[in-house]
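Chemist: Here's the letter readout for the chains.
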Amino acid sequence: MAVETISLTHTYAVGTAFEFTAIKGVTFKTLAHEFIGIIGHTGSGKSTLIQHLNKLLTPTSGSVIVNGFDLSDKKMPMKEIVKRVGIVFQYPEYQLFEETVYKDIAFGPTNLGFSKSETDFLVREAMDFVSLDFEKLKDESPFDLSGGQKRRVAIAGVLAMKPQILVLDEPASGLDPVGREGILRSIRRMNKEIGISIFLVSHNMDDVAEYCDRVMVFSKGELLLFESPNEVFAHADLLESIGLEVPQAKKVLLMLKERGFSVDASFYTCDEAVAEIARCLRQAKPC
Amino acid sequence: MKTMIRLEAASFSYDEADSSKTALDDINLEFCEGEFIGIAGHNGSGKSTLAKLLNGLLLPTKGDVTVLGMNTKNENEIKEIRRNVGMVFQNPDNQMIATIVEEDVAFGPENLGKPPYEIRDTVDESLALVGMAEYKDKRPSQLSGGQKQRIAIAGVLAMKPKCIIFDESTAMLDPQGRKELLDTMHRLNAEEGVTIIHITHYMEELITASRIIALNEGKVAFDKTPRDAFSDLSALSPLNLAAPEVVQIADGLKIAGFPIEGTALSCEELVEAIWQLKQSL
Amino acid sequence: MNDITVGQYYPVDSPMHRLDPRTKLKGVFLYVMGLFFVNNLYGYGIAFILLCVCVACSKVPISYVLRSLKPILMVIVFTSIINLVWTQGNVVWQMGFIKITDSGISLAANMAARLVLIITGSSLLTLTTTTVALTDGIEMLLRKVPLLSKVSHEIGMMMSIALSFIPTLTEELDRIVKAQKSRGADFESGNIAARAKAMIPILVPLFVSAIQRASELAMAMESRCYTGGTNRTRMKELKYRPADHLSMTCLVAALAACYFTKALV
Numbered sequence: 000m001a002v003e004t005i006s007l008t009h010t011y012a013v014g015t016a017f018e019f020t021a022i023k024g025v026t027f028k029t030l031a032h033e034f035i036g037i038i039g040h041t042g043s044g045k046s047t048l049i050q051h052l053n054k055l056l057t058p059t060s061g062s063v064i065v066n067g068f069d070l071s072d073k074k075m076p077m078k079e080i081v082k083r084v085g086i087v088f089q090y091p092e093y094q095l096f097e098e099t100v101y102k103d104i105a106f107g108p109t110n111l112g113f114s115k116s117e118t119d120f121l122v123r124e125a126m127d128f129v130s131l132d133f134e135k136l137k138d139e140s141p142f143d144l145s146g147g148q149k150r151r152v153a154i155a156g157v158l159a160m161k162p163q164i165l166v167l168d169e170p171a172s173g174l175d176p177v178g179r180e181g182i183l184r185s186i187r188r189m190n191k192e193i194g195i196s197i198f199l200v201s202h203n204m205d206d207v208a209e210y211c212d213r214v215m216v217f218s219k220g221e222l223l224l225f226e227s228p229n230e231v232f233a234h235a236d237l238l239e240s241i242g243l244e245v246p247q248a249k250k251v252l253l254m255l256k257e258r259g260f261s262v263d264a265s266f267y268t269c270d271e272a273v274a275e276i277a278r279c280l281r282q283a284k285p286c
Numbered sequence: 000m001k002t003m004i005r006l007e008a009a010s011f012s013y014d015e016a017d018s019s020k021t022a023l024d025d026i027n028l029e030f031c032e033g034e035f036i037g038i039a040g041h042n043g044s045g046k047s048t049l050a051k052l053l054n055g056l057l058l059p060t061k062g063d064v065t066v067l068g069m070n071t072k073n074e075n076e077i078k079e080i081r082r083n084v085g086m087v088f089q090n091p092d093n094q095m096i097a098t099i100v101e102e103d104v105a106f107g108p109e110n111l112g113k114p115p116y117e118i119r120d121t122v123d124e125s126l127a128l129v130g131m132a133e134y135k136d137k138r139p140s141q142l143s144g145g146q147k148q149r150i151a152i153a154g155v156l157a158m159k160p161k162c163i164i165f166d167e168s169t170a171m172l173d174p175q176g177r178k179e180l181l182d183t184m185h186r187l188n189a190e191e192g193v194t195i196i197h198i199t200h201y202m203e204e205l206i207t208a209s210r211i212i213a214l215n216e217g218k219v220a221f222d223k224t225p226r227d228a229f230s231d232l233s234a235l236s237p238l239n240l241a242a243p244e245v246v247q248i249a250d251g252l253k254i255a256g257f258p259i260e261g262t263a264l265s266c267e268e269l270v271e272a273i274w275q276l277k278q279s280l
Numbered sequence: 000m001n002d003i004t005v006g007q008y009y010p011v012d013s014p015m016h017r018l019d020p021r022t023k024l025k026g027v028f029l030y031v032m033g034l035f036f037v038n039n040l041y042g043y044g045i046a047f048i049l050l051c052v053c054v055a056c057s058k059v060p061i062s063y064v065l066r067s068l069k070p071i072l073m074v075i076v077f078t079s080i081i082n083l084v085w086t087q088g089n090v091v092w093q094m095g096f097i098k099i100t101d102s103g104i105s106l107a108a109n110m111a112a113r114l115v116l117i118i119t120g121s122s123l124l125t126l127t128t129t130t131v132a133l134t135d136g137i138e139m140l141l142r143k144v145p146l147l148s149k150v151s152h153e154i155g156m157m158m159s160i161a162l163s164f165i166p167t168l169t170e171e172l173d174r175i176v177k178a179q180k181s182r183g184a185d186f187e188s189g190n191i192a193a194r195a196k197a198m199i200p201i202l203v204p205l206f207v208s209a210i211q212r213a214s215e216l217a218m219a220m221e222s223r224c225y226t227g228g229t230n231r232t233r234m235k236e237l238k239y240r241p242a243d244h245l246s247m248t249c250l251v252a253a254l255a256a257c258y259f260t261k262a263l264v
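Protein chains in written order, with numbering that gives the first Met the number 0: chain A, 0 to 286; chain B, 0 to 280; chain C, 0 to 264.
Keep in mind that a hint or two might mislead.
The calculated lysine to any residue pairs, modelled on SDA-like cross-linking and capped at a C-alpha distance of 25 Å, are [to be verified]:
(1) A:K137 x A:S185
(2) B:K253 x A:D263
(3) B:K78 x C:I154
(4) B:K135 x C:I165
(5) C:K196 x A:M77
What the hints contain is simulated information worked out from the structure, not anything from laboratory work.
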């Protein structure tokens, strides 16, 4: 599903001493099935932006259009919006409340009016996507699970609503490298196998480099860049000036190039960097 | 070097009848004054339990933990142990006790019963040490995560500790906040001689540590210098730990048949090593 | 963020701000008590002038002080109307079954004046005193209350922690509400029973998180050598200064004057 914003601006506490414009003049257009990364330091407006995507916040000016529907249209009920756009907030395990994992994941689909058998199917499917064993865990209390499992249950709870757009705010924060990779891989599967459009908010440049088709860079409430990871990371100086880092692999390639090495510095993942450096070294090797 | 903390055959179980609840199993470790120790391990490896044993927040169910010669089981000395071994926790919001920054920093020395004028001085000194002096009248809710963690450090410093434990204190911070906190840790270690024990699962934060202790299933998996720890990546993956990207690139090149000299830990070192290799070809 | 700021600390430096919190607490207590003995215009006049002097000394803008009246404006209007129409006495004005009596007017005026003065007076306390000073002051005063002296430190500490957790829990609540709304939860429609049931997905996570936070905070306090109130000192000790004694004397004198205005009528 495509998302479009037109000069989206949001100001908090208008007319008080605390007035603060969190995002200003944000205009972009994404395509269906895209995997979008959103980066920017804390307070750059990322979380304000994502809350507009399912109308938790309404624009102070400008508009948000999801699949051709203007969200500011009063006729569009909240349920119809959340049916299409799912949001997984940071540390989503804090939203768990039911007695069993099954009931908690079923909360969303039930609210949307899915029947019992449909809900049952959706819960199984969602649990499968986040690699949770249905039979083993469905009757467990979500509060007895490990941190990583709780996180998965919470993500499944949003996924079970069958959204066509899934927004995730730092879904892997606080998890160890293995837990992190597991979650991000599940998200990639949702994108590739069922074509859900993904918006991934992340601090981790390496993750963004690895998983995203296009990347939005925010600073001080403005959308500075919206390009492919390759093009975004080419602006290494700009990224560093707004407190972001380029992936280490990219940094190494750039430094090698500076030293007069004939590497192509447009790569940014670890494997690509290894292949590229190896290629150069092979060329240098007298055969 | 003088021993700061010693663990002798220390075990901890959340339920002694149930062996699956054993969080730490027969740990023998020694931390010396002035060290910067990294403790790594995946979620559930026992690293947070270990942290809480080190200043007597938890007591070993078997074995002993001694801090500067004082056993944590000795109730009379527990205050002195905690004064010497301070702790900064993971969630910055859950360790602020007062509603004003300087009042929060004063909390520790107030508990130690210091006279007011002395508390005033140590509070100002501690805030200056973490670079937060100008924020002394602010409310914690006006600060960023990284700043809150630095206030937490100041609160610990105000007790004049010899050692500070950081129990996953960087986990909830953004890259900027993480960098601020790491810089502060290293400065305290280098300039004030404070022993630092940093618990994390971000291996790239530990490349400058004096040694890395990896935990797995409640046992010490290894205890090496960062250079040794990263020279053999096959030892890391069964522990669910990921090496810093620079180390992974070097490793990839080795596998591709290009023997990079030594173990590069930073981008600069790696670039230098690749350069050397190219010259030698 | 907007409504809660009403009556919250206004950060400027003024003679009123510098007074010992105990003086201000005792002062407000006496003022409120004193107002219940006042029953005539002269008395209210003195009480009003006293309040004006205090506001002037506090350097808090008048608009800011008056804002504290806004939330209870309806209460004042409502009680005034009730007093006006329901009090027996000599009828001065009548329309249909509505009778307004002279004693109704005087009772309504009395109540309204008292409420306005009480609310403005006590909000001046919170406007000029930080929550830290306020809890300290309460703790110190409770030490002298016979039954409460032993737990005064605990009460003070509880108040202080509760206050420092309010912003965190407000934020948490907002986050949970938004998360559950995103899962299609509906808090606005249905009858009371349905609405009460709709609160469960908010209250359970909020409690779970509050308990989690409390246990982490307890651990943080313990690791900073907290062992209760015994042998604990304070960085900022409360000390009465000449200004405190002087203002207390003035207050008592003014309240005595209010009381003796009875003799004038």
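Chemist: Are there hints from earlier that the structure breaks, and if so, what are their numbers?
Modeler: none
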